[in-house]
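One-letter residues, chain by chain:
There are 2 protein chains.
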Amino acid sequence: MRDAHTLYITAGSGNSFKPMLVLRQRGDAGPAEKVRIRSVDVLAGETRSASFLALNPRGQVPFLVTADGKGLGESNAIAWFLSEGTALMPAEPFHRAQALQWMIFEQTALEPNISPARFFSHIVPQLAAEHADDFLRWHRDGCVGLAVLDAHLRQRPFVCDHGYSVADIAVYGYTHLAGEAGFDLADFPAIGVWMARVRAQPGYLGVTPLLSA
Amino acid sequence: MRDAHTLYITAGSGNSFKPMLVLRQRGDAGPAEKVRIRSVDVLAGETRSASFLALNPRGQVPFLVTADGKGLGESNAIAWFLSEGTALMPAEPFHRAQALQWMIFEQTALEPNISPARFFSHIVPQLAAEHADDFLRWHRDGCVGLAVLDAHLRQRPFVCDHGYSVADIAVYGYTHLAGEAGFDLADFPAIGVWMARVRAQPGYLGVTPLLSA
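Sequences listed follow chains A and B, in order.
For the first sequence, our numbering gives the first residue as 1, with consecutive numbering after it.
For the second sequence, our numbering gives the first residue as 1, with consecutive numbering after it.
Hints were generated in silico from the structure; no laboratory data involved.
The structure displayed is predicted, hence computed values, not measured ones.
Heads up, a few of these hints could be off.
Since copy identity is lost for identical chains, a pair holds within one copy or between any two.
[What the hints assert, rightly or not] Calculated cross-link-like contacts (lysine to any residue; reagent style SDA-like; alpha-carbon spacing at most 25 Å): (1) K34 <-> H95; (2) K70 <-> D161; (3) K34 <-> A91; (4) K70 <-> A151.
Looking at chain A on its own, in the form it has when it is part of the complex (with noise of 0.2 Å):
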């Protein structure tokens, strides 16, 4: 298969479920390479292996190698590059402007707080204990972002004017998974219902049979 792409992911992970609904969405329009999955167990420490490292010296999953061995990283660098030539690829400049503009703010106002309360809360809370300060942190910072996204979604059906992009699968990776951080989505009935017409998205798959597949 050396005309595919491989797409390193781990299960249960907001970031890796992101390029994985690119890719179930994305129709038949995307690049001629296929993709193939390969799942890493980061619990198990496969992203610290030296097999792994050497493939990518920072250890993360979500993590593409390219057809031709090429690196990329960054979960949604990665979904971006997976939505050129598709429905999901906002065709207009100022569209694909606005939905990197959101895809930043869910990386550096979403995922920084979710992500780690929902890992700790959720994934590993035997360790919960040890981070009681940093929660509180995560759920006042993440509850500051979550209410400018439910601001920006009162005004629009999806997060960008293009309609339907790679920039809702961005920011939905991690804010469906907020129940699971302690976060109570109801105070933002605008995501709530965001994620409804996200859901109803042709080709969508939860994150966890997608990845458990």
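Start from chain A and add chain B according to the hints.
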């Protein structure tokens, strides 16, 4: 000037510097719309004024208002938008994704550490003592990020394989100010070589004269 975008910036900010450097370096190939610059005094509270919050409810600069009245936040998204159609924007999809990877890295691994450390040690040093614990974290995490960037730049002349791009401008924004944040950039020699390369690009102008002009 209805045919002009308006870019709101603040003097001395690494984030505001990025779209300003794009405007200096994009040449004549850029979008038709002119960009007028409005300087906002953050320290004097102008980003919290009712008139500015009506433009951008998040109260942040840089912020762009397009000629047709649409708002765009996030320094790297603004830099991206202003680079569309110019030599600063990678033409190849993989190169665009690489650019995004490092622009997201900049906002998650560099800016959140270098920017506050610089703010409290260089801009409002009278408040630095209140942040002693934060400085330890900013310097520890910032050095991790700078080491990743240094290793990357040992392999190549610019951040992405396209050549000099908007990603170099975005990453340079705060990296070149790290000395003012208490980082010793002599520890990262490949970054030093790359910064000299950025400064040698046509149209380069440093953060202070550019923003005080």
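Hints versus structure:
Taking the shortest alpha-carbon separations for K34 and H95, only the inter-copy value of 19 Å comes in at or below 25 Å, while the best intra-copy value is 27 Å. In this homomeric assembly, K70 and D161 come within 25 Å of each other (Cα to Cα) only across copies, at 11 Å, whereas the closest approach inside a single copy is 32 Å. Taking identical chains as interchangeable, the C-alpha atoms of K34 and A91 lie at most 25 Å apart whether they share a chain (23 Å) or sit on different chains (22 Å). In the homo-oligomer, the alpha carbons of K70 and A151 lie at most 25 Å apart only across protomers (16 Å), although the nearest pairing inside one protomer, at 39 Å, exceeds that limit.
The structure meets every hint from the earlier list without exception.
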